[in-house]
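Asks: Now for the letters of each chain:
2 protein chains.
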Amino acid sequence: MSALHRSFLHDFQLMSRNGGLDSGGVERQAATAADGLNRQWFAGWLAARGATVHYDEIGNQFGTFEIHPGAPYVLVGSHLDSQPRAGRFDGAYGVLAGASVCSELYRAASAGELELTYNLCVVNWFNEEGCRFKPSMMGSLVYTGKLELETALATEDVHGVTVRDALDTLGQRGTESIPEAAAYVEIHIEQGKSMEENGQTIGLVEATWGARKYEFRVTGEQSHTGATLIEDRKDALLGASLLIAAARRIALEHDVITSCGELLILPNSPVAVAREARLLIDLRSPDAARLDAADAAFAQEVTKAASEANVEIETLSRNAWDVKNYAPEGVELAEQVVQELGLPYTRIMTLAGHDSTNVKDVMPAVMLFVPSHKGTTHNEYEFTSDQDMLSGLDMLIGVMTRVAKGELA
Amino acid sequence: MSALHRSFLHDFQLMSRNGGLDSGGVERQAATAADGLNRQWFAGWLAARGATVHYDEIGNQFGTFEIHPGAPYVLVGSHLDSQPRAGRFDGAYGVLAGASVCSELYRAASAGELELTYNLCVVNWFNEEGCRFKPSMMGSLVYTGKLELETALATEDVHGVTVRDALDTLGQRGTESIPEAAAYVEIHIEQGKSMEENGQTIGLVEATWGARKYEFRVTGEQSHTGATLIEDRKDALLGASLLIAAARRIALEHDVITSCGELLILPNSPVAVAREARLLIDLRSPDAARLDAADAAFAQEVTKAASEANVEIETLSRNAWDVKNYAPEGVELAEQVVQELGLPYTRIMTLAGHDSTNVKDVMPAVMLFVPSHKGTTHNEYEFTSDQDMLSGLDMLIGVMTRVAKGELA
Numbered sequence: 102m103s104a105l106h107r108s109f110l111h112d113f114q115l116m117s118r119n120g121g122l123d124s125g126g127v128e129r130q131a132a133t134a135a136d137g138l139n140r141q142w143f144a145g146w147l148a149a150r151g152a153t154v155h156y157d158e159i160g161n162q163f164g165t166f167e168i169h170p171g172a173p174y175v176l177v178g179s180h181l182d183s184q185p186r187a188g189r190f191d192g193a194y195g196v197l198a199g200a201s202v203c204s205e206l207y208r209a210a211s212a213g214e215l216e217l218t219y220n221l222c223v224v225n226w227f228n229e230e231g232c233r234f235k236p237s238m239m240g241s242l243v244y245t246g247k248l249e250l251e252t253a254l255a256t257e258d259v260h261g262v263t264v265r266d267a268l269d270t271l272g273q274r275g276t277e278s279i280p281e282a283a284a285y286v287e288i289h290i291e292q293g294k295s296m297e298e299n300g301q302t303i304g305l306v307e308a309t310w311g312a313r314k315y316e317f318r319v320t321g322e323q324s325h326t327g328a329t330l331i332e333d334r335k336d337a338l339l340g341a342s343l344l345i346a347a348a349r350r351i352a353l354e355h356d357v358i359t360s361c362g363e364l365l366i367l368p369n370s371p372v373a374v375a376r377e378a379r380l381l382i383d384l385r386s387p388d389a390a391r392l393d394a395a396d397a398a399f400a401q402e403v404t405k406a407a408s409e410a411n412v413e414i415e416t417l418s419r420n421a422w423d424v425k426n427y428a429p430e431g432v433e434l435a436e437q438v439v440q441e442l443g444l445p446y447t448r449i450m451t452l453a454g455h456d457s458t459n460v461k462d463v464m465p466a467v468m469l470f471v472p473s474h475k476g477t478t479h480n481e482y483e484f485t486s487d488q489d490m491l492s493g494l495d496m497l498i499g500v501m502t503r504v505a506k507g508e509l510a
Numbered sequence: 102m103s104a105l106h107r108s109f110l111h112d113f114q115l116m117s118r119n120g121g122l123d124s125g126g127v128e129r130q131a132a133t134a135a136d137g138l139n140r141q142w143f144a145g146w147l148a149a150r151g152a153t154v155h156y157d158e159i160g161n162q163f164g165t166f167e168i169h170p171g172a173p174y175v176l177v178g179s180h181l182d183s184q185p186r187a188g189r190f191d192g193a194y195g196v197l198a199g200a201s202v203c204s205e206l207y208r209a210a211s212a213g214e215l216e217l218t219y220n221l222c223v224v225n226w227f228n229e230e231g232c233r234f235k236p237s238m239m240g241s242l243v244y245t246g247k248l249e250l251e252t253a254l255a256t257e258d259v260h261g262v263t264v265r266d267a268l269d270t271l272g273q274r275g276t277e278s279i280p281e282a283a284a285y286v287e288i289h290i291e292q293g294k295s296m297e298e299n300g301q302t303i304g305l306v307e308a309t310w311g312a313r314k315y316e317f318r319v320t321g322e323q324s325h326t327g328a329t330l331i332e333d334r335k336d337a338l339l340g341a342s343l344l345i346a347a348a349r350r351i352a353l354e355h356d357v358i359t360s361c362g363e364l365l366i367l368p369n370s371p372v373a374v375a376r377e378a379r380l381l382i383d384l385r386s387p388d389a390a391r392l393d394a395a396d397a398a399f400a401q402e403v404t405k406a407a408s409e410a411n412v413e414i415e416t417l418s419r420n421a422w423d424v425k426n427y428a429p430e431g432v433e434l435a436e437q438v439v440q441e442l443g444l445p446y447t448r449i450m451t452l453a454g455h456d457s458t459n460v461k462d463v464m465p466a467v468m469l470f471v472p473s474h475k476g477t478t479h480n481e482y483e484f485t486s487d488q489d490m491l492s493g494l495d496m497l498i499g500v501m502t503r504v505a506k507g508e509l510a
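Heads up: the protein sequence lines correspond to chains A and B, in order.
So the first sequence is numbered by the working numbering: it starts at 102 and just counts up by one.
So the second sequence is numbered by the working numbering: it starts at 102 and just counts up by one.
Derived from the structure by calculation, the hints contain no laboratory data.
A few of these clues could be false.
Identical chains blur together in the list; that is why a pair holds if it fits in one copy or across any two.
Stated by the list, open to error - BS3-like, lysine-lysine: derived pairs with alpha carbons at most 25 Å apart:
1. Lys335 with Lys294
2. Lys335 with Lys475
3. Lys405 with Lys425
4. Lys235 with Lys405
5. Lys506 with Lys475
6. Lys294 with Lys235
7. Lys235 with Lys475
8. Lys506 with Lys335
9. Lys314 with Lys247
10. Lys294 with Lys247
11. Lys247 with Lys506
12. Lys235 with Lys506
13. Lys506 with Lys314
14. Lys405 with Lys314
15. Lys294 with Lys506
Chain A with its partners taken away, still in its complex shape (with noise of 0.2 Å):
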């Protein structure tokens, strides 16, 4: 094993026991007290090996590590933020991984042992995960101008606790002028399975997914639950609980995914009916076809729910995403590598949103897999061997050290 490789699992090790569970789960939600530990244990990592740590205003972490000065930089990361009682793979070792690689090329290139055009960077994006704050990918999406600054600044958890104050409790929102980029890397576990079933250890994602995402606020009358005759309520959550049969109804009869991971009810008590709720509730596709006549025929059935439940049902938000392209040149130049390598591997769509979906917008992005074990994530028992993440961290030195040298843009 190779001292990177050795030094890579013992530094991976370390990570996650910020925040860690007994399961060896991870529990680090975006700016909790967990996620300030791992950000500033991470700064302490990249200082160590002659970074430079920098923060912008919604708080994403940059290592720069600068060969030459004013040349601009590739970037490579991930995130360091978990979902509630989660896995401890699931965007840290992307950013772990990009570190590692960061500073062996700067050894090296410090070394005169390599020749590169650009300078190194590695980001660990704020609040991919979306949910102590929403939206999801806030850091990137901030970061590619697709979400203002103010309104990313003042969203609130449940608690009123707002991200502006949580970054400046943890002192980590920056006011840092962000480094010039030219490229992104992003390597992450798939989070599916049927890289595993395939016995493939590389994807190179070509494409995201098409999505729907809905957020609904479902109004009725809070009520007695016992004294209130049935012809007479309006249950709200009712109502939300037939929009989420419906949509797995509607999931099964046009084959795309759907699913409502959040609901909101108020007031939540035992001998009320619920006067409100609120939920998301999501369709996605890798076709767009499948996707639009899902969508159409789910509008109809929030319609029917409203009218069953006899309640109100507003759709307070409706996002669009349609299947989208990363930069075929970056799958083409992972595809030499991987297959310099010789390993095992596959071309794949990404049914999971990554902050490389905002990044791949405004710059050339390569997006890489390792595989996880039964596809398990968001979960504390998610997996993937200590083989894959080495298999994962050479595919990433060897595209990084391309897209370093120019041969991407």
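Given chain A, work out where chain B should sit, using these hints.
Replies: The following block gives chain B in isolation, referenced to the frame of chain A:
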């Protein structure tokens, strides 16, 4: 308007300020600061009128008016706690009406205008609503020996605060011996709309509706809302939603009342499929056969929902209450009073649970209703007119006088 009527309406306005909302409603969940404030206010009201205030070990608040030292008491009362964003009448009307009647009869007996056999005691049962601490009717359950004191005291709210700590914080958990009671009287708003629609001012409650109450735990597996294939999901929120939708279908098919008032979801994060959901569902009916049929049909739906959502559904608790009568002598006694007063009345069943549904099992109890405008309840816009409240007060004086003379027990 009599002095008693005038002072009752004034006092009711004063009481409604404690935990009052701008809408005219109140929020005084059990043993919160607002409930504590109101209980303290009520203790002052009682002391000022010559009552002695006692607290038993579960925080039931008693105001005793002693006429014949050593004689048993007639208990009258209801509860001062409320649902979140609730009306000012539910429970509070009955406590203040009972206290006003006790005070008036005590004055009359002390002045030699009236000869009573029993002493008088008003009671404010602790935590009837069951929203902050489950189960509902906690104070009367413990009083009647149906719930262990220690179990009740150890009950936690969602923040982990126990009933014991909440009562101790208010300084309102007592150790005092409970007055020996011969009979119980309670007046309450109907919480349904039938009396208003039929022009009836007084309801004589003959029986409770039957109920089946279930607490379910749905166990799924936490995973990614986007990346996890539909066929691999074990979505606890979907399982819960299917149960809620099924309960409503059964209510319509079998002509019973059903509801889910509370649903807890873990982790309830926008991009995580829920690993667990806990929910309360009940079925209610005045007809035992309909209730049994609905119960059997629902059991099949539970199995179906578990299979459809690919989750495990455990029934954590299942309580069955059959239709149960109030003492017929009490209904007859109250009927004589209402006929003497010449008020329009009806015999009625109660769909809602009340403290009297517990107390009636250990001593003769009389339960009276006054109308609720449109049946609106567990809602800040709950309303009962002054005239109806005062008719109820007259009714209560008549009933209490007879019961305190020993005509019921």
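Asks: Which of the numbered hints are not met once you compare them with the structure shown?
Replies: 3, 4, 5, 6, 7, 8, 10, 11, 12, 13, 15
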